[in-house]
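> All chains should be built: construct the whole structure from the sequences, respecting the hints.
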Amino acid sequence: MGKLRSIPRHPLYLSRRPVQFRKPHRLLFRNRELPNLPGRGATELKNAEKEISAFRLRVVFATLLIFACFSVLFGRFLYLQVLNYDEYQSAAEDNRISILPIAPNRGLIYDRNGVVLARNYSAYTLEITPSKVSDLEATIDELAKLVDVSPKDRKRFGKLMSESKNFDSLPIRTRLTDEEVARFAANRWRFKGVEIKARLFRQYPLGETAAHVLGYIGRISEKDQDRLEEQSLDSNYKGSEYIGKIGIEQSYEKELHGQTGFEQVEVDAGGRAVRTLSRTPPVSGNNLTLTIDIELQKIAEAALGDRKGAVVAIDPYSGEVLAFASRPAFDPNLFVDGIDSSNWDALNNSPDKPLLNRPLRGAYPPGSTFKPFMALAGLATGKRTPEQAINDPGYFNFGNHRFRDDKAGGHGLVDMYKSIVVSCDTYYYMLANDLGIDNISKYMAPFGFGQLTGIDIDGELTGVLPSVAWKQARFKTPALQKWYAGETISVGIGQGYNAYTPLQMAHAVATLAADGLIKVPHLVRTIEDARDTTKRRLNDPPVPAGKPTRIDIKPEYIAFVKNAMAGVVKEGTGARVFAGATYTSGGKTGTAQVFTVRQNEKYNEKHIAQNLRDHAWYTAFAPVDHPKIAVAVLVENGGFGASSAAPIARLLLDYVVAGKRPDKLGAVPEVGGVASGGADVEAESD
Amino acid sequence: MINAAQLKRGWRLAFGQLDATLLATIVILLCMGMTVLYSATYDTPARFYDQMRNIAVAMLVMWVAAQVPPQTLMRVALPIYTVGVALLIAVAMFGAVRKGARRWLDLGVTSIQPSEIMKIAMPLTLAWYFHKREALVRTRDYILAGFLLLLPVGLIAKQPDLGTAILVFAAGLYVIFFAGLSWKLILPVFTAALIGLGCVLYFGDQICEPEVQWPGMHDYQKHRICTLLDPSTDPLGKGFHTIQSTIAVGSGGATGKGWLKGTQTHLEFIPERHTDFIFAVYSEEFGLVGNCALLLLYLCLIGRGLVIAANAPTMFARLLAGSISMIFFTYTFVNMGMVSGVLPVVGVPLPLVSYGGTALVTLFLGLGILMSVQNHRKLVQT
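Protein chains in written order, with the numbering used here: chain A, 1 to 686; chain B, 1 to 382.
The hints are simulated quantities; they were obtained by calculation from the structure and are not laboratory data.
Owing to the predicted nature of the structure, the values given are computational and were not obtained by experimental measurement.
Warning: the hint list may mix true and false statements.
Simulated pairs of lysine-lysine, DSSO-like, Cα-Cα distance not exceeding 27 Å [what the hints assert, rightly or not]:
hint: 1; chain 1: B; residue 1: LYS184; chain 2: A; residue 2: LYS223
hint: 2; chain 1: A; residue 1: LYS223; chain 2: A; residue 2: LYS245
hint: 3; chain 1: A; residue 1: LYS407; chain 2: A; residue 2: LYS223
hint: 4; chain 1: A; residue 1: LYS353; chain 2: A; residue 2: LYS383
hint: 5; chain 1: A; residue 1: LYS554; chain 2: A; residue 2: LYS570
hint: 6; chain 1: A; residue 1: LYS46; chain 2: B; residue 2: LYS184
hint: 7; chain 1: B; residue 1: LYS261; chain 2: A; residue 2: LYS132
hint: 8; chain 1: B; residue 1: LYS222; chain 2: A; residue 2: LYS238
hint: 9; chain 1: A; residue 1: LYS254; chain 2: B; residue 2: LYS222
hint: 10; chain 1: A; residue 1: LYS383; chain 2: A; residue 2: LYS482
See below:
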C-alpha cells in the first residue's frame, strides 16, 4: 500500500478504459495539467515493476509464514514422535486401553396407579458384525446348526442390515436359551465376527393395551443417528442400540434414556476385555408415571372391540388424559427387536390401519357434537338468546339449495335448549348463516378446534377449522379459494370442511366442562428420578404464551350450554343409553357423514358400503357439577352416535364417576337399532 | 512408423501445458497417498479403486484447466462468483439437510455442494477485482473486497461448515494480502489474534463451562474447541478423535511402525481414517521421517506455486496463483495440525492424500490454473 500511495491517484490518468468527457467542465477544472503529462507507457512499465517487487516482497512474507507454521508442525511431530515417543508408544500398545460405553437402563413407564406398562429384562443375543464376516449366508447356515434360526429371524436380520451401517453388530437371534448359549460358546472359535451379548430388552407386558400412547423403541437407524449428531447427543448414545420411535417412548426419550457411562478396559490383542481400569457408571433413565388409568383404558379399548375408533377421556381441571384408546392397535413388542417383514406388511397394509393413532392423527367431521359450541358462539356474539325460537319446517333453503334436517317434517318450535337436546339441524343452519364463517372460527379457535392441543406425544394433526383465510391458503386457484356463504351452512352442523381429531374434541368438551378453564392435555403425570425415587417432578405443562388460559365468554352462557347438554342425557338423544345412571352427566351425540347423500335421496344404512357409513360420535362430561371426566368417543362407520358411541362413553363415566366396572370387558353392543314411536325417533335423530 | 521426433512433438502437444516440477511433485504425493489409502481402507478395498477413478477424473480436470488462458478465467470470474453465491443462498433457503448441516442442493438427478465452487471462485473473483482496480486501489476497495469475501463465507459458516468456511475465507484473505493490504492493518489484527489465542489457551477452563454461550457459534463448534483444550472431557465423543489420532502420531516414533502395521489404524481406533484423519494413519506407519518427507513435498508444491505466482505477468495471474498456492498450505497445515492435536477438528482433508472426489477435483482445478498461469506467462508479456 505504501508504495502505491506515491503514485498520483487519478482515475483518468491510470484508467485503461477510453476517457469519456461526459462532464467536461468539471474534469477540465480538476485536471488542468492532464494534457501535459509525460507518456503513459514509461510510467506503466515502472509501475508494473514496482507492483511486481511489492508482490514478491509479500511472497517472501508468505513464505516466512509457511515456514513458521510448518516449524510448529515439525515441533509437534518431534514432541509426539521423539520426545514423548515412549508414552504414546505404550498408549498405543495398551490401546488395548479401550473405552467401552455402558448403556444406561431405560426408565420404566407406569400407569397412574403404578401398573407397569414398559419394563426391561436381560437376555442373551447372538450377534453378527457383517463387515467382519466374509460369507454371511454360509455363516448363518452354520449357526443354524447350533441355535434355532427361523426364516423370520433371517428376514428380520436382512431388514436390520439394510437399515444400519456395515460395522454394526446386529442380532440374528434374541433371547437365547442357556443351552443355546452353551452350544455356541463351545463352537465360538469357528465363527469370526459372531458374538453372544447380554442385552437389556424392552417389554410391554400389556401388549396391545395403550400401544398408541406408549409407542415403542427400535434400533437406532441412520436417520436417528443423524438427528442425534445434529443435537450433539451422539456420544451419549455410543452404547445404546435403541431409541424411542413413537409415542411416549419417543417424546420423552430425553427423560427415559439416561446418561451413558463408560469404563476404561484393558483388552488383549484380539480385542477382548481383560481388566477394568476405571469406571464411570451410567445413570439410568427417569421413570415416568402416566396420567392414564390402565383399567379405564382397558374398558375403552374392549368397548370399541373390533370396530375402528378412538376414545379420549380427560380430567377437565388438570388436563390429565385418563384414557387414550385407538382401535385397532398393534403389539409394540413386535417392534423392539426390529419387526420382521411379514408382520410389518400385515400391519402396514391392513385397510383398518392399526398403526394409525386415531385420537391424535385421525381427523373427522365432528357432526352434531359441534352444536353446543355453535350455540355458545351464538350467545357470545348476541346473534341468539336462549329464549329465541325458530319454527323448523325440516329444512333450510339457501339460494336454490335445500339443506335438510334429519327429521322429515321438522321439530316444530325450537329454542336453543331444545336445539341441543333434539339436535335440530335447521336451527344451526340458520345460526351458521347468521354468524358467518369468520365469526364461527373466531369463537371456536379458543376451544382448540383446528389448533394443536400441545399434548406430549409427537405427530398431532391440526385438523381444519374452516375460515376465509384457511380456504385462501388451502387452495391454489382463485375460483377454489373463494369462500361461498353456502359453505358456512353445513359447517354449522359440524359437516363441510370441519375436521377435528378425537383428542381435539375431548379437549374442547373438557374446556367446556371446566367452565372455560383451558388446560393442556398431557399423558405424563410425574417424572421420577432414577437415582432417588423420592424425587418426583409433577408434569403440568402450562398453556403456551400468547394463548388464552380461559375462554372469554360469560359464565352464564357456558352454564346454559352445559345444562342443555345435561338435557340431552335426561330427555334427549342420549337419554336411552344413560337410563339408570346414578350420577348426572352432560352429553352430545353426533353422526358425521362420510358419504354425501344426493339431494332428494335418503340415507339408508343398509344400502351403503361399510366404509362409507357415517361415523358415530359421543362427547360427554360428568358429573354436571364440577366434572371429573370429559370424554369423546368416535366409532368409525358406527352409524348413529346415540347407538354405537354413547354406550362406550357410559362405561367410562360409570367407572370414573360411580366407580362401577363392567361385569365383563368386551365390545358394547349397539343400543336400539331403528326406533319406532314419536319420542324415540327424536332420540335417534342427530 | 512414428519416429522419436514425432513422438516428442505429440507428447509436447498433449502434455506440454503441464508444469514438470509441479507434475512430478503431484505424482509422488499421489503415490504416497494411494499407499496410505490402501492401508487405511484395508477392510473396504472398494474405496481404494474409487479413489483411482477420482484421481483420473481430477487429472483430466487439471489438464483441461491448464489449457485455459488466464484471460478467459478473468472473464468468467464474476459470473462464476455470482452463480456460486446464488447457489449458496438457494442452499440456505431450500438446501437438503444431511448430518445436521444444510450444505447440499438437491437437483433431482444429483446433489451439489455449492460451497466447494467458492473455493476457486473466491480467489478468482478477488484477483479479477484487484486486477481491474490495479494501481487505483484504495481503502474502499479493500472494504468492497472484504464484503465480496464475507458474504459467501458467512453463508457457508451458517450451514454450518466451518472447515470450508475457513478455506474460502483464507483463499480470499490471501488475495487481499497479496494485493497489498496495509501492514498497519495486518499487524494489529495479527497481534490481536495471537493474544486472543493465548487467552483461549489460558482461560480454557472457565470459558468451557457448559453455561457459557459463545457469541455467534454453534454449541458443537464451541464443543470442538473445548475438546481440543482438554480432550479427556469427552472421551466418547469428539475428544476421541483427537486422543486417538495423537496417540497414532506419537506411537509412530522416528521411523514408523511400517506399512500396514499401524495398530491404531488396523484395530480401528482412528475414526475417519480414510478421509480427514488419513494423516494419522500415515504418521503412525511412516513416523517422523515420513512426516518430514511429506512436509518437504508440500513445501515443494507450495513453493513452486509461489514461484509461478512471482513470475506471473499480470496482477490477476499473480494474485490467483499466489492465493491457490497458499490454499494448499492452509489445507496442509490445518489438517496436519488437527490430526496432531494442535488445531481443532474441522472438516479439512489432507490435499491429494485424503479419500474423496470433490475435494480432489477442486484441488486439481487449482493446480491446473497454476500450470496455466505458468504456461501463458510469455504470451501476455509484450
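> Would you mind marking each hint as holding or not holding in the structure?
Evaluation of the provided hints:
no.: 1; hint: B/LYS184 with A/LYS223; in the structure: 51 Å, violated
no.: 2; hint: A/LYS223 with A/LYS245; in the structure: 11 Å, holds
no.: 3; hint: A/LYS407 with A/LYS223; in the structure: 55 Å, violated
no.: 4; hint: A/LYS353 with A/LYS383; in the structure: 43 Å, violated
no.: 5; hint: A/LYS554 with A/LYS570; in the structure: 25 Å, holds
no.: 6; hint: A/LYS46 with B/LYS184; in the structure: 25 Å, holds
no.: 7; hint: B/LYS261 with A/LYS132; in the structure: 19 Å, holds
no.: 8; hint: B/LYS222 with A/LYS238; in the structure: 21 Å, holds
no.: 9; hint: A/LYS254 with B/LYS222; in the structure: 22 Å, holds
no.: 10; hint: A/LYS383 with A/LYS482; in the structure: 25 Å, holds
Checked against the numbered hints listed earlier, the structure breaks hints 1, 3 and 4; every other hint is satisfied.
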